[in-house]
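**Q** One letter stands for each residue in the lines below.
Number of protein chains: 2
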Amino acid sequence: MTLPSDILDKNRKTLVELLLKEIPPELNLASIEFEGPEIVLYVNNRQAIVKFLDTIKAIAKKIRKRVVVRASPDARLPPEEAKKKILELVPKDANVDPNSIVFDETLGEVWIKAEKPGAIVGKGNIIRHFVLAETGWRPVPQRASPLESKMLNTIMSNLLKQSKYRLEFLRRVGERIHRDVIFKNNYVRVTALGGFMEVGRSAILVETKESRVLLDLGINVGAIHDPLKAYPEIDLDAIRVDELDAVIVTHSHLDHVGVVPLLYKYGYRGPTYMTKPTRELSAIMIQDLIQVARREGRDIPFGEKDLSTMILHTIPVEYDEVTDVAPDIKLTMYNAGHILGSAIVHLHIGMGLHNIVYTGDFKYSSTRLLDKAVSEFPRVETLIIESTYGATKQQSRQAAEQQLVDIVKRTIERRGVVLIPVFAVGRGQEIMVVLNEAIEKKLIPPVNIYIEGLINEVTAIHTEYPEYMSKSLRDAIYRGENPFTSEHFKIIEGDVGRPDIVEDRPSIIMATSGMLTGGPAVDYLRLIASDERSSLIFVGYQAEGTLGRKIKDGMREITNVVEGKVEVLKINLEVHSIDGFSGHSDQTELVRYVLNIKPKPRNIILNHGEPNAIYTFARLISRAVRDPSSGYQTVPNIFTPSILDSVNLTASR
Amino acid sequence: MTLPSDILDKNRKTLVELLLKEIPPELNLASIEFEGPEIVLYVNNRQAIVKFLDTIKAIAKKIRKRVVVRASPDARLPPEEAKKKILELVPKDANVDPNSIVFDETLGEVWIKAEKPGAIVGKGNIIRHFVLAETGWRPVPQRASPLESKMLNTIMSNLLKQSKYRLEFLRRVGERIHRDVIFKNNYVRVTALGGFMEVGRSAILVETKESRVLLDLGINVGAIHDPLKAYPEIDLDAIRVDELDAVIVTHSHLDHVGVVPLLYKYGYRGPTYMTKPTRELSAIMIQDLIQVARREGRDIPFGEKDLSTMILHTIPVEYDEVTDVAPDIKLTMYNAGHILGSAIVHLHIGMGLHNIVYTGDFKYSSTRLLDKAVSEFPRVETLIIESTYGATKQQSRQAAEQQLVDIVKRTIERRGVVLIPVFAVGRGQEIMVVLNEAIEKKLIPPVNIYIEGLINEVTAIHTEYPEYMSKSLRDAIYRGENPFTSEHFKIIEGDVGRPDIVEDRPSIIMATSGMLTGGPAVDYLRLIASDERSSLIFVGYQAEGTLGRKIKDGMREITNVVEGKVEVLKINLEVHSIDGFSGHSDQTELVRYVLNIKPKPRNIILNHGEPNAIYTFARLISRAVRDPSSGYQTVPNIFTPSILDSVNLTASR
Ligand SMILES: [Zn+2]
Ligand SMILES: [Zn+2]
Ligand SMILES: [Zn+2]
Ligand SMILES: [Zn+2]
Ligand SMILES: [Zn+2]
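One line per chain: the protein sequences are C and F, in this order. Residue 403 in UniProt numbering sits at position 403 of the first sequence; the count goes up by one each step and never skips. Residue 603 in UniProt numbering sits at position 603 of the second sequence; the count goes up by one each step and never skips.
A couple of the hints might just be wrong.
The list treats identical chains as interchangeable, and a pair is accepted whether it falls inside one copy or across any two copies.
Mimicking DSBU-like on lysine-lysine, the simulated pairs with C-alpha atoms at most 35 Å apart in a straight line are [to be verified]:
| no. | residue 1 | residue 2 |
| --- | --- | --- |
| 1 | 409 | 372 |
| 2 | 305 | 61 |
| 3 | 209 | 229 |
| 4 | 441 | 83 |
Hints were generated in silico from the structure; no laboratory data involved.
Based on the sequences and whatever the hints tell you, model everything.
**A** Here it is in structure tokens:
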């Protein structure tokens, strides 16, 4: 058999020798490759794979690595034959679409779209492995969504086109991850590059003696005209793109992922780790950012090409799965409860030297869509926690839902239109579920719910990844009760007659943008603003300066310029603002998280908040952790860094 | 005329164009070169130089640069002719040694050794310039010291041998300093690399968007067996030797300069800035460090070659003189009052964006040897202050002197020997001045004062640089009353009969090492330990674990192995320890410095102290600056960083 193409350094040599000793000769090993965080065994005897699955699992556990088995290229059936075999092997109720079976010759993978992708995998991956044994192709199941995501299709077909490069890329990353190091790390430090004492442009650099990893790399969209405030401090010398080991993205909001394409434009060719939903949603968000900027004639320092490069170098990870991202850093992502695919990042550093939990944005209570954020970890020495609502309390989710249903009910009763401006990614899907359930439970009459804007594309992504949603929602979807495909939803695409839609009374309209800064929502508002029977309901944050904020604060006249003419609009509809739908933990939840997290950290670093939120939160937890019943044996260090401060986590203080 | 050899970038082009416009044609300019921080005008008409001195001074002021005029090589007299001319021109009472006139053809300098080097310079540099005009050689006066420094001679002859390389080096540095930058700096941050929450291995990295500068780079000699604690964190990625603009050394103690040679071993070829006395004393200290390590069979990761490389790349600066060290950083050194040549560093960054004062080690009261540290600066936003005695008060200098004189007097009266262990660089010269004055003033009888060890070499350096000592001492030396050449001092060199010396009773012996860890002091102690009439006087800090500390703490028996035999020594002599001779500010002086500094900083960073000293000092000043009468309009931020923490000085907090 052949060893990896290049000369092995010591670390990989040891691993390979260990593997050679353990792998049953019957498999007839062709080669061993390090591809990204995975070690891939290419075997000639594909039929033997299933027999030795447990053996290989045991080996993987022993060497604490992700081990994957593939048939060597010579041991694969020709695609047409393989396709026939697959259609035989896969259970009928998976509902495979025969026209969407696609072969990736470089990676030896076959992508199979099915209505029930889980059936392709089978319990304990058993069917997946049967397909591999019988055809030599490794099946990658995909969900045939009832709502088609254009973005996902584009991403997948691009990845397929570039699969040769991608294999090279993965092998390069694999080498880097498993490079030799001396494991006598003596420090771990984090540097605030953005999103400290502020919200927007989140970015944290984690450095050890061996490695450098970025946690998030966001843009402050609100400050986009001021490069000094819009982008994180990535021209700091500590970030040299050629020596960066990994970018880790918690979720798809632009304040966390928006600047990653710029890094690739600067020449970064290393991996970016995120969940699959985050990859898809990020692509949607960033593409929209670029397109809006172009439409408005604003400069943005990267384009769609850089976004594609980012996607090409993205390595998806799943919740609760341990992944090597550097010789001395293991990454695990946990559910953050914030938006679809959002993650709390856990870094295990230097064979136990230090463990970091970075919450990203998180919600420490369950919602319709998502389970509550995880708060238990194998180890934690440092907690980096978001503080958006460090100074704000919100009403409960139940109260918020009740308030929404009440307003909608009253508006329907008087035959008005309910307009709910929504963000593309965030609360939109949540509100959809609430409204649908309210109709099902007959709390409100069955009216049409019109949905227009980017939110539809995002809903499609949700239906592709039920496994990232709350257990109850996921189970409902598996049972075939997908709330997003409810008959009550009317998806508006292309140039429709909005004036006709507002004539369908009573009805509900959900449209972007969430703060009335543009998009169809503004158009709908113009059409119903003067109607006293209708209602405008804000369910999200309205930033200073936006039309949404002005109306929320009491402005009752809008001046618009439409086709050259000045139009003054009286606002006679009811205006409501409902708090409690936020995807962020409120003050009470934040403090509770610090008290509940297991085990207890000895450093707590506050980020993602305005100074008032940060300092209020710091004061609260500083008091809380001193309570003998708090569970904190020793008082942790609390840090409130500013941008470009670094904190040495391993210093004794 | 020729422009600098390489293609000029914009910044230097602008400077050159400005100069070309302003320089009188009569000078007949041959070329303009950027040599280190200086701009050198090479002129063909050397006779015209004196006439235009004021013009050139005005130009220098206008462009805010150091401008130096030299005759072009073609316009210089042949060395023999020049020598004759020099002996004619220089006032007779300078007492020039004709055999020590040395020509450096590459730099166009002539080194002239004289008893009164000031006479070669003349008031307002006038004689210096006459020599230049008449011979074409730029005179560099040197003091013919009554005590010869071997180290200084070695340094000077090495520099001469390598003067061609040095010219290339200076031009390379000149290019780098005047490189093009966009002056829109938006941050200044400092990183603690060593000497924070501890004493030893002082090192601070200052970073701007354009530049990187190191302040000090010391070794923790006490931890020399543990590389993780002995050396600063210079393998941090932020320090890339090829992108470092400058190393700035405050003074010659090993905890501030000891690791600079290692940087050159790592490949650094940029400049190190320090005062001339610091250069000479550092060479002595580092050479001793290397030799002792070799003698004791200990590993030290650099050698004499690296020390020479450091000296070769050292650019001397004088107190109160502004020097460009990076495109956006100007350095000024001020008297620190700690040891000869010690400096407080002032950095003026980014055309006024930020100003840093770093005290290094400093004494905020005057001593026999040195004036009190400077506390007034053009601007200060950040003060980085040493905290060695943040938790300790010391008696006054007068009280300490009185105590010393009393003990010596009593010992002499009973015909004993006074043994004073001293550090090579530090209090030795101070004690010498005190004892000499006491004899002159007849406070004690005129006994012999034997001096042995490295202290003698250091005393020689002191007499070379009277301009770095206190005004009163300097004036005395100019008047010919050099206390260091007093007849009472008997300098012991080579293998002398120490038993004979202790027979000269009564007498005083000053010898290294200061903590009785080795050196002649230990030998002398053995000889007089059992003698009840004699006295042992500690005048400096005795570190944990040293023989000095044990005796100070009450141990009255020493077990020695001499030539294979175990020898038990009873200590019967009187043991005294006098505080108040320290070169560090004590607690009261530290607090007073924070209150007196002008203008008032808005950030105060504490370093160079054990945690207890740091926290005590932080508490004291945090209270002091809140007093309305403190002069602080707003309460400054007080930082107590650990190693590898960074502080963004320009963040709004
Ligand atoms: Zn978010
Ligand atoms: Zn966020
Ligand atoms: Zn010192
Ligand atoms: Zn020191
Ligand atoms: Zn000191």
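**Q** Using 35 Å as the alpha carbon limit, work out where residue 209 and residue 229 are close: within a copy, between copies, both or neither.
**A** Both, since 30 Å and 15 Å are each at most 35 Å.
**Q** Treating 35 Å as the Cα threshold, decide for residue 441 and residue 83: within, between, both or neither.
**A** Close neither inside one copy (45 Å) nor across copies (109 Å); limit 35 Å.
**Q** Pop the pair residue 409 and residue 372 into one bin, within, between, both or neither, using alpha-carbon distances up to 35 Å.
**A** within (29 Å within a copy, 81 Å between copies)
**Q** Please sort residue 305 with residue 61 into within, between, both or neither, judging by C-alpha distance up to 35 Å.
**A** Close neither inside one copy (39 Å) nor across copies (52 Å); limit 35 Å.
Hints 2 and 4 from the list above are not met by this structure, while the remaining hints are.
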